[in-house]
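Chain residues, written in single-letter form:
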Amino acid sequence: MSTAQPTVPDGMRADVELAQRGRSEMQFLQAMRAGLRPLQARLRERLEKEAALEEAAGDIARLREAADEVLAEDPRLGIAGAALRWNRAVLTPRAVDAFEERADELAPKAAPPAPEKIADRGEEAVPRYWRYEFHGTAGGWDGHEHMGFIHHELVYRYLLVPSFPGDIFGQRTRVAELAPRDTYTDICDLGCGTGQFTLKLAQAYPEARVTGVDLSLAELRYAQRRAAEAGTEWDLVRAPAEDTGLDGESFDLVASFILLHEMPPHAIRKVFAEAFRLLRPGGDLVFSDVAPYRLRSPYQAWYDDWDAENGHEPWWRTAATIDLVEVARTAGFTDIRQEALGQQSYPWVTVARKPMEGLA
Amino acid sequence: MPGFANDDAVHLDRPEHLDALFGITMELASELWVMRDRLAVIEQLLDERGTLTRDDIERTQPQGENAERLARERERFLTRVFESAARPGGK
Ligand SMILES: C[S@@+](CC[C@H](N)C(=O)[O-])C[C@H]1O[C@@H](n2cnc3c(N)ncnc32)[C@H](O)[C@@H]1O
Numbered sequence: 199m200s201t202a203q204p205t206v207p208d209g210m211r212a213d214v215e216l217a218q219r220g221r222s223e224m225q226f227l228q229a230m231r232a233g234l235r236p237l238q239a240r241l242r243e244r245l246e247k248e249a250a251l252e253e254a255a256g257d258i259a260r261l262r263e264a265a266d267e268v269l270a271e272d273p274r275l276g277i278a279g280a281a282l283r284w285n286r287a288v289l290t291p292r293a294v295d296a297f298e299e300r301a302d303e304l305a306p307k308a309a310p311p312a313p314e315k316i317a318d319r320g321e322e323a324v325p326r327y328w329r330y331e332f333h334g335t336a337g338g339w340d341g342h343e344h345m346g347f348i349h350h351e352l353v354y355r356y357l358l359v360p361s362f363p364g365d366i367f368g369q370r371t372r373v374a375e376l377a378p379r380d381t382y383t384d385i386c387d388l389g390c391g392t393g394q395f396t397l398k399l400a401q402a403y404p405e406a407r408v409t410g411v412d413l414s415l416a417e418l419r420y421a422q423r424r425a426a427e428a429g430t431e432w433d434l435v436r437a438p439a440e441d442t443g444l445d446g447e448s449f450d451l452v453a454s455f456i457l458l459h460e461m462p463p464h465a466i467r468k469v470f471a472e473a474f475r476l477l478r479p480g481g482d483l484v485f486s487d488v489a490p491y492r493l494r495s496p497y498q499a500w501y502d503d504w505d506a507e508n509g510h511e512p513w514w515r516t517a518a519t520i521d522l523v524e525v526a527r528t529a530g531f532t533d534i535r536q537e538a539l540g541q542q543s544y545p546w547v548t549v550a551r552k553p554m555e556g557l558a
Numbered sequence: 013m014p015g016f017a018n019d020d021a022v023h024l025d026r027p028e029h030l031d032a033l034f035g036i037t038m039e040l041a042s043e044l045w046v047m048r049d050r051l052a053v054i055e056q057l058l059d060e061r062g063t064l065t066r067d068d069i070e071r072t073q074p075q076g077e078n079a080e081r082l083a084r085e086r087e088r089f090l091t092r093v094f095e096s097a098a099r100p101g102g103k
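Here the protein sequences line up with chains A and B, keeping their order. Each position in the first sequence, counted from 1, maps to that position plus 198 in my numbering. Each position in the second sequence, counted from 1, maps to that position plus 12 in my numbering.
Hints should not be assumed to be uniformly reliable.
[Claimed, not checked] Partner residues aside, some chain A positions facing chain B, computed with beta carbon under 7 angstroms:
(1) Glu215
(2) Ala217
(3) Gln218
(4) Arg219
(5) Ser222
(6) Ala229
(7) Met230
(8) Ala232
(9) Leu234
(10) Leu237
(11) Ala280
(12) Trp284
[What the hints assert, rightly or not] Looking from chain B toward chain A, a few residues come up when the C-beta cut is under 10 angstroms (computed):
(13) Asp19
(14) Ala41
(15) Arg61
Treat the hints as calculated values from the structure; they're not laboratory data. None of the values given here were measured: they were computed from a predicted structure. We put the beta carbon where it would ideally sit given N, CA and C, even for glycine.
Please model the entire structure based on the sequences and the hints provided.
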């Protein structure tokens, strides 16, 4: 029942129907993950029995070594790795094919109402690290004109929502509501993608003017469409989060949801500095991202790291080990606190304030 | 000897080839699943209507009982594929 696909997940169109091939291929990819679960449970049992893992906890490199030793002879690890890698490698191309099979019906549902209104800082502003093939997304985030739609309506619906525990959109609502003030007037969402978190911010603070920044034009185009479907409008900007080109001191809330783990540490530092610049004195920062390894169980930390390595996540380990409190402090923020909202410390939220003038 | 017939050619002799072969297996499994799903849709439509067109097959979005049965079969199919692959040497 859990893998059947009857209801429409939160925030997705009800009228997205694939042809038989596209539908069953996407469902196959989801069932692969379900089919791997018994095997992964057995791996977990073996690892959790080992004292070696407990001893290496806190040092991810040693933890990986300890696990490799325990599992050296176990073919299940290789099978799981190869299966997940293949799954990720074909996921986007399959979703693109599924879209193309129904393009006549789906393209009109994907089209942005006013694409010329999306401000664009151009190719020159795109940092080199963003060009890596994240998550095996063939062609990157911008590999198809309607990649935003394909990603949100097909990849999320068929694979991510059924495969990941917890209400992944509810999590975004809770992070939006965690911002310290009851109302905001100007909100900036960095790395907004198709607006999954942006929409939750807009709903939590309906009186605010909302700006979304992302490097992917295709994602922004579908964000614009989703805003329109929700009866609202956002200022959308294609620019790096660490160098938005937006006016300084023009926001009272700068937020992000799972942006930081896609950037190298030097860029994370720049994003905090940019958020500081964008905020008016007294303004708030709310960044939610991956859980630090030190707060995960040894098994979970091992799994995160192994999966990131196999899943084209070049910056996960650095994001899961960086001290964001220190980063925020260095950028000038005060009142810095961190909070875990769910199991195993995910979502992991950093909240901070730009001091009022003269108090810094 | 190079240039002469090789009676015992071995082509897949690198570890990467195993991964490539695994990819081929998954490709076949996926295609097999697409066929099983299609057959299930055809059977369902024949049960319900006694006749069908190609477009009926494309349009059908299995719901409720049918969707759940297919999901169970998918999961069982893939669990078997992975469990069998993992058996040698596994504890
Ligand atoms: C995992 S998605 C998260 C999207 C959205 N915030 C959500 O809640 O689902 C990460 C997004 O960050 C964007 N991104 C990655 N690096 C970026 C950067 N340096 N500047 C702006 N956007 C970036 C990607 O294009 C992608 O849309």
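Status of the hints after comparison with the structure:
{"no.": "1", "hint": "Glu215", "in the structure": "holds (6 angstroms)"}
{"no.": "2", "hint": "Ala217", "in the structure": "holds (4 angstroms)"}
{"no.": "3", "hint": "Gln218", "in the structure": "holds (5 angstroms)"}
{"no.": "4", "hint": "Arg219", "in the structure": "holds (6 angstroms)"}
{"no.": "5", "hint": "Ser222", "in the structure": "holds (4 angstroms)"}
{"no.": "6", "hint": "Ala229", "in the structure": "holds (4 angstroms)"}
{"no.": "7", "hint": "Met230", "in the structure": "holds (5 angstroms)"}
{"no.": "8", "hint": "Ala232", "in the structure": "holds (5 angstroms)"}
{"no.": "9", "hint": "Leu234", "in the structure": "holds (6 angstroms)"}
{"no.": "10", "hint": "Leu237", "in the structure": "holds (5 angstroms)"}
{"no.": "11", "hint": "Ala280", "in the structure": "holds (5 angstroms)"}
{"no.": "12", "hint": "Trp284", "in the structure": "holds (5 angstroms)"}
{"no.": "13", "hint": "Asp19", "in the structure": "violated (31 angstroms)"}
{"no.": "14", "hint": "Ala41", "in the structure": "holds (8 angstroms)"}
{"no.": "15", "hint": "Arg61", "in the structure": "violated (16 angstroms)"}
In terms of the numbered hints stated before, the structure departs from hints 13, 15, listed from lowest to highest.
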